[in-house]
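J.: Given chain A, put chain B in place with the hints provided.
The residues making up each chain are set out below.
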Amino acid sequence: DAGITQSPRYKITETGRQVTLMCHQTWSHSYMFWYRQDLGHGLRLIYYSAAADITDKGEVPDGYVVSRSKTENFPLTLESATRSQTSVYFCASSDQTGGRNTEAFFGQGTRLTVV
Amino acid sequence: KQEVTQIPAALSVPEGENLVLNCSFTDSAIYNLQWFRQDPGKGLTSLLLIQSSQREQTSGRLNASLDKSSGRSTLYIAASQPGDSATYLCAVVAGANSKLTFGKGITLSVRP
Numbered sequence: 001d002a003g004i005t006q007s008p009r010y011k012i013t014e015t016g017r018q019v020t021l022m023c024h025q026t027w028s029h030s031y032m033f034w035y036r037q038d039l040g041h042g043l044r045l046i047y048y049s050a051a052a053d054i055t056d057k058g059e060v061p062d063g064y065v066v067s068r069s070k071t072e073n074f075p076l077t078l079e080s081a082t083r084s085q086t087s088v089y090f091c092a093s094s095d096q097t098g099g100r101n102t103e104a105f106f107g108q109g110t111r112l113t114v115v
Numbered sequence: 116k117q118e119v120t121q122i123p124a125a126l127s128v129p130e131g132e133n134l135v136l137n138c139s140f141t142d143s144a145i146y147n148l149q150w151f152r153q154d155p156g157k158g159l160t161s162l163l164l165i166q167s168s169q170r171e172q173t174s175g176r177l178n179a180s181l182d183k184s185s186g187r188s189t190l191y192i193a194a195s196q197p198g199d200s201a202t203y204l205c206a207v208v209a210g211a212n213s214k215l216t217f218g219k220g221i222t223l224s225v226r227p
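Taken in order, these protein sequences are the chains called A and B. With our numbering, the residue at position 70 of the first sequence is 70, and numbering never jumps. With our numbering, the residue at position 108 of the second sequence is 223, and numbering never jumps.
For the record, the hints were derived by calculation from the structure and aren't laboratory data. The reader is advised that the hints may include incorrect statements.
Said to hold, decoys possible - With a Cα cut of at most 30 angstroms, we get these calculated DSSO-like pairs of lysine-lysine:
id, chain 1, residue 1, chain 2, residue 2
1, A, K11, B, K116
2, A, K70, A, K11
3, A, K57, A, K70
4, A, K57, B, K157
5, B, K157, A, K11
6, B, K183, B, K219
7, A, K11, B, K183
8, A, K57, B, K183
9, B, K219, A, K57
10, B, K219, B, K157
11, A, K57, A, K11
12, B, K116, B, K183
13, B, K116, B, K157
14, B, K157, A, K70
15, B, K219, B, K116
The following block holds chain A by itself, in its conformation from the complex:
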């Protein structure tokens, strides 16, 4: 199916553990993003990528690592999970056509709880 999918949908992990959230898109969009959504803060950008092997920090990157070896995948790793990283994580993708940004499309989200 075409689209952007995240896995897992729900995850409970313990403090200090490493956890990886997966994101896969089928459109070959050049841009991919990771956001977290928290009450009172809205959606905040963690990391983004303009193309394979090109990544950059967003607003709240501390404690997270990303990689993008293939255009379609953009995993987000929490190196040592903390309770403050309990959140809903959204992956998104978009593209540029003729110099114009296209619509951004979002995955269904991963609800992560760190205990």
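T.: Below, chain B alone, put in the same frame as chain A:
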């Protein structure tokens, strides 16, 4: 730093009412503005995208306008229905890197 504001945070209207949701942004040098809908516990669904050179976009009962010079956008919903109840978020892209900056959203409740 670009800031996006959506006021009020919540809105309750009776079914059938035409309504306007507001979005303001501080830096008028945007590439585009996008409106999203989010249902509880779900992801974001794109509603409308307005490029910086456009003034408005329409999709069904939805119409979004953009006034870059004043840093404002509005989402007009005609003949609201209970199924329109959701949180509506606006987001702007202000640079070539396509990063979206979001407002905190307006939670809309349409009463039958």
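J.: A separate judgement is required for each hint: does it hold in the structure or not?
T.: Consistency of the hints with the structure:
no., hint, in the structure
1, A:K11 - B:K116, "violated, 33 angstroms"
2, A:K70 - A:K11, "holds, 24 angstroms"
3, A:K57 - A:K70, "holds, 18 angstroms"
4, A:K57 - B:K157, "holds, 25 angstroms"
5, B:K157 - A:K11, "holds, 16 angstroms"
6, B:K183 - B:K219, "holds, 20 angstroms"
7, A:K11 - B:K183, "violated, 41 angstroms"
8, A:K57 - B:K183, "holds, 27 angstroms"
9, B:K219 - A:K57, "holds, 21 angstroms"
10, B:K219 - B:K157, "holds, 16 angstroms"
11, A:K57 - A:K11, "holds, 24 angstroms"
12, B:K116 - B:K183, "holds, 16 angstroms"
13, B:K116 - B:K157, "holds, 28 angstroms"
14, B:K157 - A:K70, "holds, 27 angstroms"
15, B:K219 - B:K116, "holds, 16 angstroms"
Consistency note: the structure conflicts with the earlier hints numbered 1, 7.
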